[in-house]
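As a plain string of letters, each chain reads:
Number of protein chains: 2
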Amino acid sequence: MCLSSDVLDDAYRLYRQQLLDAGLLLSSGVPGVYGLSGNFEGIIEAFEGYVTRMGSHLSPEVVRFPPIISRKTYLCTDHIKTFPDLMGSVHSFRGNERDHVRLVQKQEDAEEWAEDLDPTEVMMVPAACYPLYPTAANTVLPEEGRLVDLRAFVFRHEPSPDPARMQIFRQREYVRLGTAEQAHAHRDYWLKRGEEMLCALGLDVKPIVANDPFFGRGGRVMAATQKEQELKYELVAPIASTEKLTAITSSNYHLDHFGQEFDIKTPDGAFAHTACVGFGLERIALAMFKKHGFDAETWPHEVRGLLEI
Amino acid sequence: MCLSSDVLDDAYRLYRQQLLDAGLLLSSGVPGVYGLSGNFEGIIEAFEGYVTRMGSHLSPEVVRFPPIISRKTYLCTDHIKTFPDLMGSVHSFRGNERDHVRLVQKQEDAEEWAEDLDPTEVMMVPAACYPLYPTAANTVLPEEGRLVDLRAFVFRHEPSPDPARMQIFRQREYVRLGTAEQAHAHRDYWLKRGEEMLCALGLDVKPIVANDPFFGRGGRVMAATQKEQELKYELVAPIASTEKLTAITSSNYHLDHFGQEFDIKTPDGAFAHTACVGFGLERIALAMFKKHGFDAETWPHEVRGLLEI
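As given, the protein sequences belong to chains A and B, one line each in that order.
So the first sequence is residues -17 to 291, counted in this note's numbering.
So the second sequence is residues -17 to 291, counted in this note's numbering.
So here's chain A without its partners, still in its complex pose (with noise of 0.2 Å):
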């Protein structure tokens, strides 16, 4: 179905302002960056140990991630080719006092004055499993590979009147790192097991083939390959609109390119595969405030039951 732009916009900012009249969300003045009530953070928390739960019998390794990632990192990824205008390069001021009234000046007088910073050696992390690779370079894989529950705070921009478009939001993942086969079962068992997880709270999601939003026209091409070679699988259910869904989980087949770039190996010498799933955790709460109602104590029991609140 199609929608006119014009349709959707006054769907988003209709949808975002009963998010924040119930006090769901905080304005933080800037499209997409908000602040979570507790009653939406403990939505999250929630979920996150349904998640761990529904994990738990893989006895993955657990690590987090802060929000930012090494430059140098960063630039081995091929963000900077791809998505260009999604990143987030953190830059501050490394002045002299003089140099510092200067800024200050321009600022005051409504000048540019960011320009005068500096580049740090950091960015933001553009998706949860970034920056696990760069722990596991230059080493070989043991025989059964490995597994990684990673959360952290992403951060894309692309300031949208959506509320499920945030600027930065939380992805909690499961990552594998293995042999081609290894990562394509964890790829087509968690995309199952993620739909029924999905499904047991209520959502109506269904999964589709889906391709990330490369920049350009060069991007087109990437898009049209990712899709065609079913490298990335999306789960969408309805949020602001019914009609155009919302990507809730998603389930990535990188083949071995991480391998490569930071040459992780499995014990035959090849460079490894990795596939993740990532549970888009601000999103699959709004799924559920947009099911079963904005009060959690009104949910279905089973659901409850299924988060332990």
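Treat the hints as calculated values from the structure; they're not laboratory data.
Since the structure is predicted, the reported quantities are computational estimates derived from the model, not experimental observations.
Ideal Cβ placement from N, Cα and C applies to all residues, glycine included.
Wrong hints could be hidden among the right ones.
What the hints assert, rightly or not - With a straight-line Cα cutoff of 25 Å, these simulated DSS-like cross-link-like pairs (lysine-lysine) come out:
1) A:K88 - B:K54
2) B:K273 - B:K188
3) A:K54 - B:K88
Said to hold, decoys possible - Derived contacts from chain A toward chain B, CB cut-off under 10 Å, selection only:
4) G11
5) Y16
6) P66
7) V72
8) F75
9) R76
10) E79
11) V86
12) T117
13) F151
14) R152
Since chain A is already given, all that's left is putting chain B on it; use the hints.
What follows is chain B alone, placed relative to chain A:
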């Protein structure tokens, strides 16, 4: 006691290496930016639960902000004047395809590509309570004031070999907005309660009157005034060095600075005073590892009981 910075740096590097070797920290390649193991994160989660339980009788509002803040809000806080060297300004690429080719070429030629980026609408959060004030802007507080429970990642651009001096870390805060008396009482209450809470966990903390590291020569004057007026207290404990102690919790009384800046008033028409207590979550976990050892399974029974681990 006066330690040479070389001796201190050696102590920092040694302890950081021990934490890396134990797998509690994962190196990102950038000083002060680390991945945390599941065991490390588990202590933070347990300590957060403890903070929640110790504050629950006060029924605080709960809000969670992401690691970025509106640039406009940032500029209302004086941070650019007082801590420019610590700031994080987020920049992104806004050009067309031709600009993009140039950007990638620059990066491949090892030229300074990041200067071609544009400042976005957001900055890194400098302190967990900053995003709160604009959400209370132009309001009159209730008679009893407001108490808000916050947690956020904050960024400070100060690369250091000290594992406790991270560039990005989480603060858990209780913030009070109200009259001067209410703000003062909040500061005094939490300074005492915070000390008791940390002592109960076996940490050798002590309160000290402190000052912020304001920038430049003017900053030294501000620091002296802040200390003289006793606006900042810290609870310090040993982490990498037992001689140079580390602040693991701090309590700030802002007078009516934010009340004026954001036009927040008390019912009698005066500008609101604010005060906060902030628990440095990564540092508290590090202080616990220092005191009780790297394996939480072997920590004293009472400590495990209080943390419910």
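Structure-based check of all given hints:
Between K88 (chain A) and K54 (chain B) the alpha-carbon distance is near 15 Å, which keeps this suggested pair within the 25 Å criterion. The hinted pair formed by K273 (chain B) and K188 (chain B) meets the criterion: a straight-line CA distance of about 15 Å does not exceed 25 Å. Between K54 (chain A) and K88 (chain B), the direct Cα distance comes to roughly 15 Å. Compliance with the 25 Å bound is thereby established for this hinted pair. A distance limit of 10 Å between C-beta atoms decides the matter here; for G11 (chain A) the minimum to chain B is near 4 Å, and the interface restraint holds.
Checking Y16 (chain A) against chain B by beta carbon gives a least distance of about 8 Å; that is within 10 Å, so the hint holds. Satisfaction of the interface hint for P66 (chain A) is found here, the shortest Cβ-Cβ separation to chain B being roughly 4 Å, below the 10 Å cut-off. Hint on V72 (chain A) holds. Least Cβ distance to chain B is approximately 5 Å, under the 10 Å limit. Residue-level restraint check for F75 (chain A) holds (minimum Cβ-Cβ distance to chain B is 4 Å; threshold 10 Å).
Given the 10 Å rule on beta carbons, the hint for R76 (chain A) holds: about 7 Å separates it from the nearest Cβ of chain B. Of the supplied interface hints, the one on E79 (chain A) holds, with its beta-carbon coming within about 5 Å of a beta-carbon of chain B, less than 10 Å. With a cut of 10 Å, the hint placing V86 (chain A) at the interface with chain B holds, because the nearest CB-to-CB distance is about 6 Å. For T117 (chain A), the suggested interface contact is upheld, since its CB lies about 5 Å from the closest CB of chain B, less than 10 Å.
About 8 Å separates the beta-carbon of F151 (chain A) from the nearest beta-carbon of chain B, less than 10 Å, and the hint is met. For R152 (chain A), the interface hint holds, since its Cβ comes within 10 Å of a Cβ in chain B; the closest pair sits about 9 Å apart.
Figure legend: structure checked against the earlier numbered hints; every hint is met.
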